[in-house]
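*Asks:* Given chain A's structure and the hints, the job is docking chain B with the ligand onto it.
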Amino acid sequence: MRVALFLTCVNDTLYPDTGRAVVDLLTRLGVEVDFPMGQTCCGQAHYNTGYRHEAEPLARRFAEVFGEYEAIVTPSGSCGAMVRELYPRMGERARAEGRGDTLARTLAPVVPKTYELTEFLVDVLGVTDVGAYYPHTVTYHPTCHGLRGLGLGDRPRRLLRAVGGLELRELPGAEECCGFGGTFALKNSDVSAAMGADKVRNAESTGAEVLCAADNSCLMHIGGTMGRLRTGMRPVHIAEILASTEARPRAGTEAGPAGTGAIAGAGSRANGTEEPKA
Amino acid sequence: MSGTFIGMPAFPKAAHEAVNNATLRGNLRHATHTIRAKRAKAVAEVSDWAELREAGKRIKDHTLRHLDRYLVQLEESVTAAGGVVHWAADAEEANRIVTDLVRATGESEVVKVKSMATQEIGLNEALEAAGIRAYETDLAELIVQLGKDRPSHILVPAIHRNRGEIRDVFVREMGAWGRAAPEGLTDTPAELAEAARLHLREKFLRAKVGVSGANFMVAETGTLVVVESEGNGRMCLTLPETLISVVGIEKVVPAWRDLEVFLQTLPRSSTAERMNPYTSMWTGTTDGDGPRTFHLVLLDNGRTDTLADEVGRQALRCIRCSACLNVCPVYERAGGHAYGSVYPGPIGAILSPQLRGTASEIDASLPYASSLCGACYDVCPVAIDIPEVLVHLRERIAQGGRATRNGDTVVLRPAKGHAAERAAMRAARWAFDRPGALRAGQRLASGTRRFHPRTLPGPGRAWSGTRELPAVPAESFRAWWQRTRGGKDVTE
Ligand code: SF4
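For the record, the sequence lines run as chains A and B. Residue numbering for the first sequence follows the numbering used here, starting at 3 and increasing by one per position. Residue numbering for the second sequence follows the numbering used here, starting at 128 and increasing by one per position.
Looking at chain A on its own, in the form it has when it is part of the complex (with noise of 0.2 Å):
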């Protein structure tokens, strides 16, 4: 099967790690991994912001560079609702508009193929256990795109409860939006603080060392608000947990204490993985 990652513009940019869990799960599991390099970013933040004719050509951009591949797998629930649930009311909007077809036919073959990557690990490959150890205490939240937008349902905790070393806690509120929202986190900062603040007093009350997501926007909200509120806890993206192996422990195993880095788990991010030589 010939799958391809699409990173998402902020991991590729920001959270390199993620990516590289991503293709260390994916290979151990027998999977074949490209990275094609002509993309970017899927255009949600235009088109929720109000700019869909700003995300219509990224939108085109998404198709042509996957549009070639079996699989498409995302560690991000929002870029992966985005493409599922937002790429066809596009479609339609330009139909409705007296634009034709084009779009909506350039977009519908990657709408079905484009997999979040805990339903590509339990709808596509069929598996739960991936044989990952991390002896830590997590607590799960699931934002709200996965959630609510593709339905990720039990999907991530079934694939934690299965990982080697690891305890689940239940988080209080858990889907009660964290307050991310993209450009909301801007537009409406006091608000948008609230909710951060909130979230992470409800993470703290299980003990949880570690804080779990499937996106790592949400994660760079709670991170960040973690940071601020010296908190002992990390933020870290599923990816990351479930490509740590007894052999091959990462994603924060031997890390110091969150705060450290300039986003709290940043820290832990650049451990472990490979340094450029340069």
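It should be emphasised that the hints constitute simulated quantities derived from the structure, not laboratory data. Please note: incorrect hints may appear among the correct ones.
Reference excerpt, derived from the structure (chain A facing chain B, CB under 10 Å, subset only) [stated by the list, open to error]:
| hint | residue |
| --- | --- |
| 1 | D19 |
| 2 | Y135 |
| 3 | M222 |
Computed cross-link-like contacts, DSSO-like style, restricted to lysine-lysine with a CA-CA straight-line distance of at most 30 Å [what the hints assert, rightly or not]:
| hint | chain 1 | residue 1 | chain 2 | residue 2 |
| --- | --- | --- | --- | --- |
| 4 | B | K140 | B | K335 |
| 5 | B | K335 | A | K189 |
| 6 | B | K168 | B | K184 |
| 7 | A | K189 | B | K543 |
| 8 | B | K275 | B | K335 |
Note that the structure is a prediction, hence the values are computed from the model and not measured. Each residue gets a CB set at the ideal place from its N, CA and C atoms; glycine is no exception.
*Replies:* Quick look at chain B with the ligand alone, frame taken from chain A:
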């Protein structure tokens, strides 16, 4: 809409205070979380909830598609049953009609059933200006009126008040409006309810004119329906000699049968009751039973403009259950007043900018008052995709485009405040459409990362005021992939 809200600041400014008001945050958190959990339970009991939701959506969509026909049918049925129908294009016209009708009775006071439509048009203020006093009889509405406050929730207008605050309002204000609060009133719910009951009973027995809204109007029979919990509405609907109902045109349903769906979904969604205690239905007038004169004022006030918008029209399906408010994390923290409208919360964020247009500061900011988390869509009993409409309205504000105002198609210019954002979005799109440019940007960011500040000045403070900045890695994924796997760099 009501003049009370003109000149409201933009949502973020209005929310700022609420977020930092610990009492308000506590009141709202407690109230919304309680009702949220109860609603979830009441809905989970119904095995065919998904089908009921779909049916409600379809009935409303069908009615809206043929609204002209059903409204004319409604007028005929109401008239045949002895009622008089009036058509009001906007708030001003509706207020004038109601004021004239009350004047014609020679009365100078009316009792009111809780009604969103009359709040939307600012009827109480208009009546006041004409020397007519309107007494709110819904308990929460009474609290708001006595406290010279504004409602902050569709169903529980005084949700922002706790029991102690309510007791203080009763003790301080009741005397000036009628029967004073009993001596030594405490803040127990039973005592507060009794004080309100005594105060209101006097008004019910005296009033000659009642004013109401309606939850549904049945075109087929001309029947109006009011759904409530307290029974105070029933008093207003049956005791006065004249009844005047002001109802938005989108409240019509084709047939009696259609109520079967909504009378199941509305109470469970709003108060988490299996069935609401009082469902009042009346069809015109009946000799020797209830009001002898009945007037129905059909209100447009921006509704046909909203109906003209393909994406936005779904907001007209709303049955005002308030489930979306109760699950909304933004409403919970910003409070209802920040929305600058009688319609707060997620539904307000999509309804107000459509009914009023997007010209004012508050209306242009409402579509952004959401993290697009989708909790509102999940609970909506008529499946209004609120996030979809929010994004659609953001587009109207940021990029301009066609809209309908007062029945005419207008082309809106992009809003002024968004010029910098528009430029940034365009620049980002340019870079994202060129992987080489993205790569160069990443390299620059990585190369200078030791000099990156921990906090940002100016508008960047909106992020770094409460959150650490993410650290830029030494190498982007793209660069790493190319270095280790030899991926071909794509440069255009
Ligand atoms: S939008 Fe839906 S959930 Fe919100 S008040 Fe209206 S019917 Fe209820």
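*Asks:* All hints are to be evaluated individually against the structure, with a verdict given for each.
*Replies:* Now the hints, each set against the structure:
For D19 (chain A), the suggested interface contact is upheld, since its CB lies about 8 Å from the closest CB of chain B, less than 10 Å. Against a cut-off of 10 Å between C-beta atoms, the interface hint on Y135 (chain A) is violated, since the closest Cβ of chain B lies about 24 Å away. Using the Cβ-Cβ criterion of 10 Å, the hint placing M222 (chain A) at the interface with chain B is satisfied: the shortest such distance is roughly 5 Å. For the proposed pair K140 (chain B) and K335 (chain B), the alpha carbon gap of about 44 Å is over 30 Å, so the pair is violated.
Proposed proximity of K335 (chain B) and K189 (chain A) is contradicted: the alpha carbons are some 50 Å apart, above 30 Å. The straight-line distance between the Cα atoms of K168 (chain B) and K184 (chain B) is roughly 22 Å, inside the 30 Å bound, and the hint therefore holds. Between K189 (chain A) and K543 (chain B) the CA atoms are separated by roughly 16 Å; this keeps the pair inside 30 Å, and the hint holds. Annotation: proposed proximity of K275 (chain B) to K335 (chain B) holds, straight-line Cα distance about 25 Å (limit 30 Å).
When the structure is compared with the earlier hints, violations turn up for hints 2, 4 and 5 and for no others.
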